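Undergrad: Each chain, letter by letter, is given below.
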Amino acid sequence: MDFDRLLFFWGHHFVLLGVTVSLALSLNLINGFCGLFSLGHQGFWGVGAYMTAVLLTVLPSGEAGLFLFALSFPLSMFAAALCGLFVGVPCLRLRGDYLAIATLGFGEILRNVAINSSFLGTSQGLSVPNVIRTTLEQTFGLNRLDARRGEMIFYMLLSAGVAALTLLILRNLMRSAHGRAITAIRDDETAAELLGVNLTRYKVLVFVLGAALAGLAGAVYANYQRYVSPNQFGFMQGVTILVIVVMGGMGSFTGTIVAGVLIYALPVLLSFAPGTWQVPVFYDPTQGGDGWVHRSPKDLWQVFFSILLIVVVLLRPQGIMGTREFSLAALFRRKPPAPPKEAGA
Amino acid sequence: MSDFFNFLLNGLSCGAIYALIAVGYTMVYGIIKLINFAHGEFYMFGAFVGYAALYALFGVHPTGGEPGFLIFAASLLLAGLLTAILAVVVERFCYRPLRNAGRIVALLSALGVSLLLQNLGQQTVGASYRKFAPTLTEARFPRTEVDLASLQPGQTFDRTVVLDYALRDERGRDQQRTHAVVLAGEPLSAAALAETLRLAQASSRPAHAYTYAAVTVSSKQLVIVLTLVLVAAGLYGLVQHTRFGRAMRAVSVDFRAAALMGIDVNRIVSGTFFIGAFVAGIGGFLAGGMYYERIDPLMGLLPGLKAFVAAVLGGIGSIPGAILGALLLGISEKMVEAYVHSGLRDAFAFGILIAVLLVRPSGLLGRFEGDKV
Chain G
1 MDFDRLLFFW GHHFVLLGVT VSLALSLNLI NGFCGLFSLG HQGFWGVGAY MTAVLLTVLP
61 SGEAGLFLFA LSFPLSMFAA ALCGLFVGVP CLRLRGDYLA IATLGFGEIL RNVAINSSFL
121 GTSQGLSVPN VIRTTLEQTF GLNRLDARRG EMIFYMLLSA GVAALTLLIL RNLMRSAHGR
181 AITAIRDDET AAELLGVNLT RYKVLVFVLG AALAGLAGAV YANYQRYVSP NQFGFMQGVT
241 ILVIVVMGGM GSFTGTIVAG VLIYALPVLL SFAPGTWQVP VFYDPTQGGD GWVHRSPKDL
301 WQVFFSILLI VVVLLRPQGI MGTREFSLAA LFRRKPPAPP KEAGA
Chain D
1 MSDFFNFLLN GLSCGAIYAL IAVGYTMVYG IIKLINFAHG EFYMFGAFVG YAALYALFGV
61 HPTGGEPGFL IFAASLLLAG LLTAILAVVV ERFCYRPLRN AGRIVALLSA LGVSLLLQNL
121 GQQTVGASYR KFAPTLTEAR FPRTEVDLAS LQPGQTFDRT VVLDYALRDE RGRDQQRTHA
181 VVLAGEPLSA AALAETLRLA QASSRPAHAY TYAAVTVSSK QLVIVLTLVL VAAGLYGLVQ
241 HTRFGRAMRA VSVDFRAAAL MGIDVNRIVS GTFFIGAFVA GIGGFLAGGM YYERIDPLMG
301 LLPGLKAFVA AVLGGIGSIP GAILGALLLG ISEKMVEAYV HSGLRDAFAF GILIAVLLVR
361 PSGLLGRFEG DKV
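Chains G and D supply the protein sequences, listed in that same order. Each step along the first sequence adds one to the number in this note's numbering, with nothing skipped, and position 70 is 70. Each step along the second sequence adds one to the number in this note's numbering, with nothing skipped, and position 162 is 162.
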């Protein structure tokens, strides 16, 4: 049935989009709002996902399945937060680019540990049991197709819910006095310290909270994909999230959402391009034929994506939204408020 | 014990490869305080330019014979030059406009360039490995020749004996091929001896038998280490004894003051990128092409990160520090691989990075620079 094809195709992308946006939002807290430049966010995401996978595979599921499934979310958050604390406390002594490299190194270490640990399934990864579908089939007695539909709808709701929850937590945090302290650290660390902001406390808080939310996204991802492997949490995945944050505007939640949707959706839309759209990109006589290498628009997306990053950084380093937020109320207000001053770099 | 020294030599040549990349990292950071993420991609680019030069200009096919010395040297030079030009262009259009925009913004641009070169490589030349044409016969030294005619089937030796024969390639040069390896204490099989002599007769080139010392170094490792020595000496002369080098040092101490003293800062920055990328380009050709004989668009990612670790270990901004750090990193990586766990090599390298950043951020030979308020 046509409805099923639509549901499974777009539902799949909707779930992954939700995970991506959640991750980008929590990275924006660290990189955008607090100005700590982390390149290791994929590591926290991976820790959450692996925690879920280990919990659901190592312990006997079956009847306890649904309970373990529910437990996987707080436990993944906890594991990632612990990791965030472990990395954050020593690394936060570093500034700017040094912090970026240290967190990048941390992400690679985690991946390396997973590759070499037989408990974590080495490079083969771990499979996660499909708790939701099993429950729908066995407890509710649905047939296979209905269970698949139910599972997809469940995960769409879950993913959207997690993204919304992440947004809510972060928005409320940033609207509080704590939020102003965090922004103050980004704008001028020395001044913030002189005004009595406890730098270490807030930096660790930001790192741990960001990591915990990434772990939550990891739990959704692992449960939905039902498979985790070290290569899903590599540097490139981290860069994609980072680019979303940079393009949306470091310090703007709505900007992150807009950029997340754009960057996630564009390659999906490009995959609809007819197969005859092949662009000759390179002349390589070793490849046989007439020597011209052809690529489809979807393949070229990666190249376009990199160019987009460079162009945005060169022309509009503050991203689409800068540090402003989009709000409907502001659109309908009579007198537009004075534009907030851009944060100095 | 001899194993230990063989690991040491392997680590040294691996470290020399890192050093060829790390030098550029450290020079650029010393001058404009930018972590040039794209530097590993310059290394990759050099390897591909060398591949294209060997193939397109000189007609050396990946499965064919070995190039002569002149072609090898010309490809090497071309790899360095084109990489250097690429780096100057990248600096001009992607880094220079952001020079006053803060370190993180410039870092993002560097990340973008790195991604662009990787993705462009994957979409044009393809993501899979390519075999690089053999450019240098793998021979190990020191070795002594044994008279082949005196060997008897069933004879045993107290050292490893290797039976080589030669083939004549289409250019009329000898290509050494190894037919059989007889380990110490094992009898020489009559069939291996007879086959080596038959192959030698078939190609009408002489066959050889060699015994090897317990600790050996390969010809390729020698070339790489020798290149590093030349590069280090050249850079020392350039930085310490030329006007350009003095200007470079001045710019690295104080960018603005150097500009006020009439130094053309843009020219110095371009020159630094040129030199750093030239060295990385020949490093890519020598390491990816000559040493490992396989290249792919992502080959620069890990060595680039490792070279950065090496530069931090040695003290970022210091050229001798980068070389020292790279050699230490290469050696300790091989030791971890050999004596601890082969899979933990990369984790160990990044562990070193974090440890250095926490304990001594200025590295082994770097100067401490407090953050200016």
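None of these hints come from the bench; they were simulated from the model. As the structure is a computational prediction, the values presented were derived from the model and not from experiment. A portion of the hints provided could be inaccurate.
Now the stretches of chain D that chain G is said to cover, found in silico as 3 or more residues with beta-carbon under 8 angstroms [unchecked claim]: (1) 101-114; (2) 301-313.
Label pairs and their in silico Cβ distance ranges [stated by the list, open to error]: (3) D:Leu298 with G:Asn198: 41 to 47 angstroms; (4) D:Leu298 with G:Val279: 18 to 24 angstroms; (5) G:Lys298 with D:Leu298: 16 to 22 angstroms; (6) G:Phe119 with D:Tyr129: 27 to 33 angstroms; (7) D:Val359 with G:Leu194: 52 to 58 angstroms.
Just so you know, even glycine gets a beta-carbon here, dropped at the ideal spot from N, CA and C.
Undergrad: Falls inside 52 to 58 angstroms, the C-beta gap from Val359 of chain D to Leu194 of chain G?
TA: 28 angstroms, violated
Undergrad: Is 27 to 33 angstroms right for how far apart the beta carbons of Phe119 of chain G and Tyr129 of chain D are?
TA: For Phe119 of chain G and Tyr129 of chain D the Cβ distance comes to about 31 angstroms; the hint holds.
Undergrad: Are 3 or more residues of the stretch 301-313 of chain D near chain G, judged by a Cβ distance of less than 8 angstroms?
TA: Check passed, 5 qualifying residues.
Undergrad: Check whether three or more residues of the stretch 101-114 of chain D sit with their beta carbon closer than 8 angstroms to a beta carbon of chain G.
TA: With 11 residues closer than 8 angstroms to chain G, the stretch 101-114 of chain D meets the three-residue bar; holds.
Undergrad: Is 16 to 22 angstroms respected by the C-beta to C-beta distance linking Lys298 of chain G and Leu298 of chain D?
TA: 19 angstroms, holds
Undergrad: Given a hinted range of 18 to 24 angstroms, is it respected by the beta-carbon distance of Leu298 of chain D and Val279 of chain G?
TA: The hint (18 to 24 angstroms, Cβ to Cβ) holds, given that Leu298 of chain D and Val279 of chain G are roughly 22 angstroms apart.
Undergrad: Is 41 to 47 angstroms right for how far apart the beta carbons of Leu298 of chain D and Asn198 of chain G are?
TA: For Leu298 of chain D and Asn198 of chain G the Cβ distance comes to about 42 angstroms; the hint holds.
Consistency note: the structure conflicts with earlier hint 7 alone.
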